[in-house]
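The chain contents come next:
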Amino acid sequence: MLLKEEVQMLRQVPLFAGVDPGKLKLLAFTSQRVSFREGDVLFHQGDPGDAAYVILAGSADILTGSDNGLIKVAEVSRNAIVGEIAILCDGTRTATVRAQNSVEALRIGKEQFLKLMSDFPEITIEVMRVLAERLSTTTTELTLARSKLKLH
Amino acid sequence: MEPSISKYIWTHTRPQQIWVLAVVLVSMIPFFLALDLPKQIVNGPITGGGFETEGATQPFMRLVFSLPWLGEVTLFPGLDLERMPMLFALSGVFLGLVIVNGLFKLYINTYKGRLGERLLRRIRFELVDRILRFPPETFKRLKGAEVASMVKDEVEPMGGFSGDAFVTPVMLGGQALTALTFIFLQSVWLGLITAALVAIQFTIIPRMRRRLLVLGRARQLTARELSGRVSEIVDGIGTIHAYDTSNVERADVATRLGTIFKIRFDIYQWKFLVKFINNFLSQVTPFLFYSVGGYLALNGRLDIGQLVAVIGAYKDLPGPLKDLIDWDQNRQDVQVKYTQVVTQFAVDGLLDPDLQVLTAMSDAAATQQPLNVVNLRVADESGAAQLERLNLRIHPGEAVALVGEAGHGAEALAEAIVRLVWPKGGRIALGDADIMTLPEAVTGRAISYAGGDAWFFSGSVRDNLVYRLKHAPLRVPERAAEAQTRRDWYQAEALKAGNPDFDVESDWIDYGAAGLDGPDGLLARFQAVLKTVQLDRDIMDLALRSTVDPTQYPGLASDIVALRRALRDELAARGLRDLIVPFTPGAYNIEATVGENLLFGTAMGPVLQNANIGSNAYFRSVVSRDGLAEDLFAMGYEIAQLAIELFADLPPDHPFFQQLTFMTADDIPTYQALLQRLNAGSFATANEEQRNQIIRLSFAYVEPRHRFGLLTDALRAKIVAARQQFHEFLPPELHDAIEQYDPERYSSSANLLDNVLFGRISLKHSDGAERVQAAVRDLLLSQNLTDRVFSIGLDFQLGTQGKRLTPVQRQKLNLARGLLAHSDYYVFNKPLQGLDARIQDQILRDCLVLLRAEGRQPGIIWVLANPSQSEHFDRVVVFKDGGLVEDGPRDALLAQDGVFKQMLRA
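Chain order of the listed sequences is A and B.
Residues 1 to 152 in this note's numbering are what the first sequence spells out, letter by letter.
Residues 153 to 1058 in this note's numbering are what the second sequence spells out, letter by letter.
Take the hints with a grain of salt, since some may be wrong.
[Stated by the list, open to error] Computed beta-carbon distance windows for the label pairs: (1) E896(B) - N79(A): 43 to 53 Å; (2) Q761(B) - P14(A): 42 to 52 Å; (3) T736(B) - P14(A): 38 to 48 Å; (4) L675(B) - P14(A): 53 to 63 Å; (5) N79(A) - T952(B): 48 to 58 Å; (6) A869(B) - N79(A): 49 to 59 Å; (7) K148(A) - D939(B): 51 to 61 Å; (8) K148(A) - D919(B): 31 to 41 Å.
[What the hints assert, rightly or not] Result set (DMTMM-like, lysine to aspartate or glutamate): computed pairs, CA atoms no more than 25 Å apart in a straight line: (9) K955(B) - E1006(B); (10) K916(B) - E38(A); (11) K25(A) - D818(B).
None of these hints come from the bench; they were simulated from the model.
Where a beta carbon is used, it is the ideal one built from N, C-alpha and C, also for glycine.
I would like the entire structure built from these sequences, with the hints used as guidance.
Now the structure itself:
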């Protein structure tokens, strides 16, 4: 896939909706195109966070390790961003992400991603929105899980 | 060492000095004969003395002596020769004497030179020998560079002096005395005047020169300190950069140089002043001769003939006198230097040479004695006690953990056991023998040690490992006749200069000490110890990243080439076929740059390297065919446009520039200007320089990385065609400038891993490189290549002090070296401080397993960085404030609820 097509795809990612196409081209150029086959792991829980991934095609499972092995907590597909938490918190990966099928992704290095956020407030707001959404989902699920526990 | 240089020289070279003196005296005979002969030739045959009549003859070579009691003895009656034959005969004798004198001079100079060089060698060796025997605390104050400059430079003049030490004063003194005596014989008065002036010269000049000696000493000291400072700057360069103190260093060095300059200039001033006075005194003597002698002559108390004779004799006096004074100056100068050096090397408590005597015995280690620590007291430089009245007994085969906070005594005990620090009181004994009195041949082999600060000599990993096993030359190498002659010479010459004649080319490795029968098991032993310290992977990686000369490893090249196909199959089997895009002569490699696809080889010299390739005529001729140059120009033009569009308004330090591989931030304005000047990208109107600049951009283009979509199938085909043409018609002068990629040949300019891959790793997989390396490692193992590759890794050069390794790797290697030999005791003093606690724990456990393999049961004394590691030991000894507070099995200590338990809780 070429730069021009990638830019077209990036424009459809909500995160980058507000970004000028010229800058999207730059983003595409400075990030790396990677492909994963079914079952390949984008990153492992506990690894240092060095990049975020924008899924361009395919879908992936988000898994966290527990005493009973890996548990699937969510799923991401086209146009979603994963791996940004470890970058923002400057920590290790909080979950493992594994490809469900063939996944094409754009790998944005940590430094580039942070720079992007400071250059474009629109992206920061969008990242916050995604995070908030996830938080609210998590809270709902937690409430559900707790009430289930109480019932038993 | 002797306090005075003269005594030192006399002690070590007495017979040679006497011999050379004798030769010098004998050489005087032809010398004086040659002086007398010209007069005979002139007076005899040339002016005709004795040949007044036609056909007159004179005896030639008549040897007649008149001796008391015996009367005249005629040894040779002589040949009667006429005037002309006499001229040639005498001239012939003169020529003969000249040759004989020359040969004498040659012999004497050579002899003295050799004498001096041997003495220099002796002094230098003696100094280094002393360094090897210095007590450990001496090294806390020594600067390596200062000691080195003493051994190398400061003793140098002593060699030159030693040849003249005794011969010169005898010779010159004799000449001066003869001349003086002659003057006395002519006139007592004039003799007295001369003697008085000589006496003045001999008192004043050396006295004035005394200041020169003081200055000389200062010069020596300041120069030595300068070399110490320079080496400190080199060693501390990191600190200097980190703290921005380079200008402090500049100021310091400049001041030192100023001091040195001042001293040296003072020396010059004095030297020439002394010279002036010396010259004056020698010139004033003739003045007195003319005035006083003339006065005496006019008064008739001296006849004119005598005066002329005195003046003539005086001519021979100043020369020897001046040389004698110079000699004395030189002697004092050398003496000062000698004293300076000797006092530096006269250290109290020098190790007895017997302790370091060369010992070949391999089973010296088998002592099986307990280690007894009795009333041990260890103190640091300031005298503060690190250990006080320590009593401890460690049995053979016991595994003892020493725990305690840093500086509380555990480290000091470990260091004392291996004599890194010497006890201030009490003793450590192996059985009954105090280890301070045991030869190093026993302690060095019975006890293995590894501390936290690793030292490595420059050399390979292998050299530094095997260093542990080198105690004595064990097996003399087989030598060809020529090499044997050279070795014999070395040996004889070493003994003549008081050096040992140990054969450095012998095999010094004591295989028995590592539990081996011979060299064959060594590699496996290295692998075992390096695996134990978890350094084996690193060694393999070092090997894979090193560029190997295939002629040094026969068979390797073909095996590596065979591995290329095996790797493709292996990757295919793992479903990773597209991970590597191999170089194929007839195909474009999409993961490689355009330039690489064109050249299809590694540039071996500067001619075809990136920066110069555009100006190479042959390369240009190939590229300009079929309009390829126009295509590449168009491509480069587009790249430049895109790069400027993307990057023009970013600040130069923006992180995005890391991705811009073909340009730097500084190039952007240049290319902006260039694009404006180029007429809409027209190749035809661009000049040579502009074309080069644009085409250069296209060479760095990789489609999957840059994704500009500039490579059409037609262009790829064109590039491949140009590549083939380039190699087919390569002119002979460029054959050595490039090594073509050949799937069937090993490339000696690429590293081992690249040779196996023979292609580019696809960028599509984010962890492609790791996967490929893992596959390569597995393959090496299955193809039985691991040993050979590992061996290549062992040849990795460590650099100075092992600095080419990371600190963690250095600590691991140091520990591995400590594990290599079979010893009675292993003392480990926090050897792995730089590592994660988890890895430390793993390595410690593996070390214990390795040391106890094959039923061996050595004593292990381990100073632990973390008390929780003590669970692997039979016995725990706890130190606090320089004393032993708890000692016993771990469980017993835990039950006590004492210091140890507190430490564990902390």
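Open item on the list: For each hint given before, does the structure comply? Return the numbers of the non-compliant ones in rising order.
Closed with: Structure breaks hints 6, 9.
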